[in-house]
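First to last, the sequence lines map onto chains G and U. Each residue of the first sequence is one higher than the one before, starting from 1 at the first, in the working numbering. Each residue of the second sequence is one higher than the one before, starting from 1 at the first, in the working numbering.
These are computed hints drawn from the structure, not numbers from a lab. Built from N, CA and C at the ideal position, the CB exists for glycine as well. Certain hints may be false.
With beta-carbon atoms standing in for the labels, derived distance ranges [to be verified]: (1) G:466 - U:121: 19 to 29 Å; (2) G:91 - U:306: 52 to 62 Å; (3) U:102 - G:308: 31 to 41 Å; (4) U:151 - G:45: 34 to 44 Å; (5) G:270 - U:257: 22 to 32 Å; (6) G:35 - U:139: 39 to 49 Å; (7) U:306 - G:195: 57 to 67 Å; (8) U:104 - G:306: 40 to 50 Å; (9) U:275 - G:308: 25 to 35 Å; (10) U:129 - G:45: 24 to 34 Å; (11) U:150 - G:38: 22 to 32 Å.
Stretch by stretch, here's where chain U covers chain G in the computed footprint (C-beta under 8 Å, at least three residues) [as the list claims (entries may be wrong)]: (12) 237-245; (13) 263-273.
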Amino acid sequence: MNFSSYECSCFFDEIFESGGRVRPEAEPLVRMIDSMDEGDLRRRQEAAERALLYSGITFNVYSDKAGREKIFPFDIVPRIVRCSEWDRIEKGLRQRIHALNLFLDDVYHDQKIVKAGVVPEHVIRSATAFREQCIGLNPPRGVWCHITGTDLVRDGDGTIYVLEDNLRCPSGASYVLENRRIMKQTFPEVFDVSRVRPVNDYPAKLLDMLQWLAPEGVNSPRVVVLTPGSYNSAYFEHSFLAQQMGVQLVEGGDLIVADGHVLMRTTDGFERVDVIYRRLDDDFLDPEVFRPDSMLGIPGIMEVYKAGRVALANAPGTGVADDKVVYAYVPKIIKFYLDEEAIIPNVPTYLCWDEKDAAYALENLDKLVVKAANESGGYGMLVGPHSTETQRAEFAKRIRANPRNYIAQPTLSLSCVPIMVEGHFEGRHVDLRPYILYGREIFVLPGGLTRVALKKGSLVVNSSQGGGSKDTWVIDD
Amino acid sequence: MLSRVAQSIYWMSRYFERAENVARFLDVNFRLMLDLPSGMAVQWEALVRITGDYEPFIKHYKRATRETVIQFLTFDTENPNSILSSVRAARENARSVRESISSEMWEQLNRIYFRVGDAASRHLDAPEEFFEEVRLASHLFIGLTDTTMSHNEPWHFARLGQALERADKTSRILDVKYFILLPSVADVGTPLDEIQWTAVLRSASALQIYRQQYGRVSPLRVVEFLVLDPEFPRAIHFCLRRADESLHAISGTPQGTFRNSAEQRLGQLRAELDFTRVSDIMRIGVHEFIDDFQVKLNGIGTTIHETFFATRPIQPSQSQVLPKADRER
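Based on the sequences and whatever the hints tell you, model everything.
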């Protein structure tokens, strides 16, 4: 099977240059795929899918009464990133996370950035993820956002942009690790010749970081992963990370607050918990402080947290910094705290609360992408060039009714990577979500999760919207 | 260990053992079909009766035939004890404690779950082979539990669940023969009788060992073997000793003493079997003995729940507010 018939109509292909020449970093991969016959490649794709199925990396198809499950679509052609490019991305991400943490600390303390007139106060106050309850909070070691998954995209001209910051409970790191494991099983030959940067130390780094957060004086801290439960769509990831770190996975009901500590219920009585990697939203964490109707959280846990007797990662309240309106200010935020220019640029963003921006957005709905400021997963979004008149009218109405809640951006022509479709290759749009850990130092996992829109021409890569994933290889020279 | 995790591991192994044993029940009948003299019909209804689910079965299927019984016991998702439901329940429990069991166990459970689901969606051409597959899958799982898990508290909960389930099911396999297959006193000791007892032994994988120990197949000896043998791993007595060992390993209480009611009840039942002769069972009547045994075993299950798992608050139901983290970020 080979790429001779491969044509990609998109402006930037991650594997091939515009003249059809293979990018040097992808050569060993393309050579190997070219040397395989179609059946061989298909067998490998099937083997990869079977391995994913047996590892239970699946989601439920709720409409299916027999309870059949599907794997998250996975394509075996990896996305390849040159190391020189990666090193720049890594630097840019470090810079961004550093600045955003300083921003978070400032937002919940003195708000110097507001006083300096860089970010308007109403932008912060009106962000739905701003948490009044976190004002004055001092998270352990002064870090707010320990785990981040930043969404990057590449436009047609090759520029890489930050599309979204995810600072709450970003998911997907487990897929990076599992995709790599499957790829190693599937293509052992290429790993011999390509110098792919490893990702398998992520759980160890994560555990190191979590242990570092433990309250003063605790020698061997007990770390747990807190999940909303096995019905959560990211449950696989929660249990996977707990297993890889060798720590206990707990649900809210396993934990209680007593004597000023968080304790877990065991067959042998109660045991103290020191660090919680929580995969539960702020709102559900503590019914006494946030939503009183939450049955998934632990009443009283915020008291213990404030007293410094348990650590939470990420800290509550981080969502204010990934609000899509605040996003537009990140280059200024970086400048303000670090006195540096942003290494990775933002996508130009029109803020609909601004009259001029709103007028522009409303006039150009057919060219722009419109996003609700507080939605994620590809929900609440209009892709102008792919929309109908009715959809545009609907969004115009929504923007006028609630301008604060909308932003607009030019429609980027996302870069492509080939996927295997019925015995040949076709290009599909991709994004990239690298994972960043903020502990003693800032660590960026080489590569990250490449999400791919499986539908031809589609720009929406979210798995909830029919997207799949690919392994991402950062290749050393 | 977390109470919730202990409970899930216990039920994981109970349910998988249950699936294996339903496959064994069905196997008894398939073997009988092959061995019975022509003109003698196999009683499919009996099979459903021993599982204790006769009422829902007859309500839905009306008549017990080979097809309806296989469907009900194998693939019916409305029957909580069918092979499919049991394997699914085992897997759901495993899924909620994935980080506490080995990946090998988890993958094996997944494999058989998808296999059974796949078989459910098409016609079963060779049921015997399929039941064999379920049995082997269970053995592989038990082997993996033994060889890939540390033999500490979680493992003891797995073994406890498995041993209690197996004790219950062996008693039911015996009950098929004694309560239902026994046609009349006149048949006792006839070749037909021997065929039936042989099928019972086979379905407990006990025929070969039985022969080595006793030679001829005789009802008295079969009962003695399947109930009282302390060394054969499917014998009730053996299972209870295993369960008792694990229960004491969990609490650290020396065997022969007790600190909680689970240990007390299991200890009592175990002691009863330690000091019972087969003639005692025959005097009470095999069916009556088994009935009484099952009631006591259920009681032990309840006290285990109260002692180790019940400290857990009520599970949030699926219908209440779920966080938005449900969506991908």
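We went through each hint and held it up to the structure:
1. In this structure the hint that residue 466 (chain G) and residue 121 (chain U) lie 19 to 29 Å apart at CB holds, the actual value being about 24 Å.
2. For residue 91 (chain G) paired with residue 306 (chain U), a C-beta distance near 59 Å keeps the hint of 52 to 62 Å intact.
3. Checked against the hint of 31 to 41 Å, the C-beta distance between residue 102 (chain U) and residue 308 (chain G) comes to roughly 36 Å, which is consistent with it.
4. The given range of 34 to 44 Å is respected by residue 151 (chain U) and residue 45 (chain G), whose C-beta atoms sit roughly 40 Å from each other.
5. In this structure the supplied range 22 to 32 Å holds for residue 270 (chain G) paired with residue 257 (chain U), their Cβ-Cβ distance being about 25 Å.
6. Take residue 35 (chain G) and residue 139 (chain U): their Cβ atoms lie about 42 Å apart, and the range 39 to 49 Å holds.
7. The hinted window of 57 to 67 Å between residue 306 (chain U) and residue 195 (chain G) holds, with their beta carbons roughly 59 Å apart.
8. Between residue 104 (chain U) and residue 306 (chain G) the beta carbons are some 43 Å apart, a value that agrees with the proposed interval 40 to 50 Å.
9. Distance hint check for residue 275 (chain U) and residue 308 (chain G): the Cβ-Cβ separation is about 59 Å, which falls outside the suggested range of 25 to 35 Å.
10. For the hinted restraint 24 to 34 Å between residue 129 (chain U) and residue 45 (chain G), the CB-CB distance of approximately 29 Å keeps it satisfied.
11. At roughly 46 Å, the beta carbons of residue 150 (chain U) and residue 38 (chain G) sit outside the given window of 22 to 32 Å.
12. Restraint check on the segment 237-245 of chain G versus chain U: 4 residues with Cβ-Cβ distances below 8 Å, three needed, restraint holds.
13. Counting residues of the segment 263-273 of chain G whose CB lies closer than 8 Å to any CB of chain U gives 5, so the stated coverage by that chain holds, three being the minimum.
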